[in-house]
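Protein chains in written order, with my numbering: chain A, 81 to 344; chain B, 81 to 344.
Source of the hints: derived by calculation from the structure; they are not laboratory data.
Glycine included, C-beta positions come from ideal geometry on N, C-alpha and C.
Each hint should be verified, as a subset may be incorrect.
[Claimed, not checked] Covered stretches of chain B (chain A as the covering partner; in silico rule of three or more C-beta atoms under 8 Å from a C-beta of chain A):
| hint | stretch |
| --- | --- |
| 1 | 93-106 |
| 2 | 143-153 |
| 3 | 187-200 |
| 4 | 257-271 |
| 5 | 321-332 |
Number of protein chains: 2
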Amino acid sequence: MNHLSSVKHVIVILSGKGGVGKSTMAVQIALGLHAAGKKIGILDVDLCGPSIPKMFNLESRDIHQCNEGWLPVYVDKDQRIGVMSIGFLLGSADDAVVWRGPKKNAMIKQFLSDVYWQDVDYLIIDTPPGTSDEHITVMESLRGYNPDGAILVTTPQAVAVGDVRRELTFCRKTGIPVVGLVENMSGYVCPHCAECTNIFSKGGGQALAEQTDISFLGSIPIDSNLTLSLDTGVNILEANPRSPAVRAINHIVKKLIALDKDLP
Amino acid sequence: MNHLSSVKHVIVILSGKGGVGKSTMAVQIALGLHAAGKKIGILDVDLCGPSIPKMFNLESRDIHQCNEGWLPVYVDKDQRIGVMSIGFLLGSADDAVVWRGPKKNAMIKQFLSDVYWQDVDYLIIDTPPGTSDEHITVMESLRGYNPDGAILVTTPQAVAVGDVRRELTFCRKTGIPVVGLVENMSGYVCPHCAECTNIFSKGGGQALAEQTDISFLGSIPIDSNLTLSLDTGVNILEANPRSPAVRAINHIVKKLIALDKDLP
């Protein structure tokens, strides 16, 4: 797995619960770090529900092989954001990956060993919900590569926060450091009357971060511009730089860069 | 697995994507069928992220054993809604189930064979996101028990609809019939100005149902009453019978009962 040795930072996006915005965070953090001049790799290990290709509008693209291994699919012409996902290996977007654990583990190990990332500053690993095969395999494979750690994503509801508590136990059991927690879908500003409603409750993420003594990276409001941008593969940071979600994302990315003491 | 032979209907709640409202649907459909006089069992096979106990406010409860097997935990005094979940077997709500596939499969098989449901009309099986171990094991174990089939849940976004297309492929591959599709989080009515916004896009579920020739069961709007009821374990059908989500749920339950030609 020596391709990983040239990667400066590895960040794993985790959440016990599905649909809280892990892939959204992976994409937005990647775009934010890219806008700050960093070179990025994104590895999508959600084998049964790969969303990253669609979110970058890369669905029809193929993976190519070179002498060094598999080449990621690049989002931009300058090849500063590269993506690897099982989505690129499926014949059709409707194909279901009906695999039990051992087959999934083998695929993830191959992704971690064979993809030729080429000196990326940040490798962001997007995971499926849960604390099972995919997660155990990623954590075991990253040992020895000194990953920065995990960013946990939650929504404010008690049900989601409960799942993140379990994910935190998982991080402690598997020995991966926690970079911090992001609360997604925190409040919705009505575009008609500009009043904010906490559709999915409020503050659960921040309270959890305080209780468990982990860093709170920030809250991202519900923003239909963000949903739309991810459905169409548009870079919202460029298309809609003043939207509430973008301001929140930029804030989180700044915190991440501030954590990086190894780079100038 | 002869405890399953006394179950009249088996419905599996599926969605490729997480966080679209599978557990919410499982709970609301159970409550709706219960209000219509049916006896209900709910089996939660989301081993890494069990939400059902919290949604019924049963978190501190324990499973008891009788001569016939494990007794479900009952929601009501009349024992007309029984729940089985790994949540009842964990010491603390923070405990993470860090299990690979084979251990998960063994647990699910035990749930399917050892729980003494006692003549329930409907057994509703809530699943984790994806198309992997848990789903394959459930489908294999249900063969021979003539399950009614799967209810697929999606949100309107393209990303979620894509995952449901894959789940549909899974149903066809494993031979489970599709009862129909529910679109959750379809539009949000602002409580301040009463204007409706399609936060997560609109109509993706209905369009998918038409394209793939499966039954569209209905749309459920975003409703903070519903989120709150599930965080606190309150029965929204009784607490808030006129809320928009409850009207939509009642509509879906009526369709399900209409499908049932075996019962008077």
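Going through the hints against the structure:
1. 93-106: holds (count 6)
2. 143-153: violated (count 0)
3. 187-200: violated (count 0)
4. 257-271: Satisfied; 3 residues make the cut.
5. 321-332: Violated, because only 0 residues of the stretch 321-332 of chain B bring their Cβ atoms closer than 8 Å to Cβ atoms of chain A.
Figure legend: structure checked against the earlier numbered hints; hints not met, in rising order: 2, 3 and 5.
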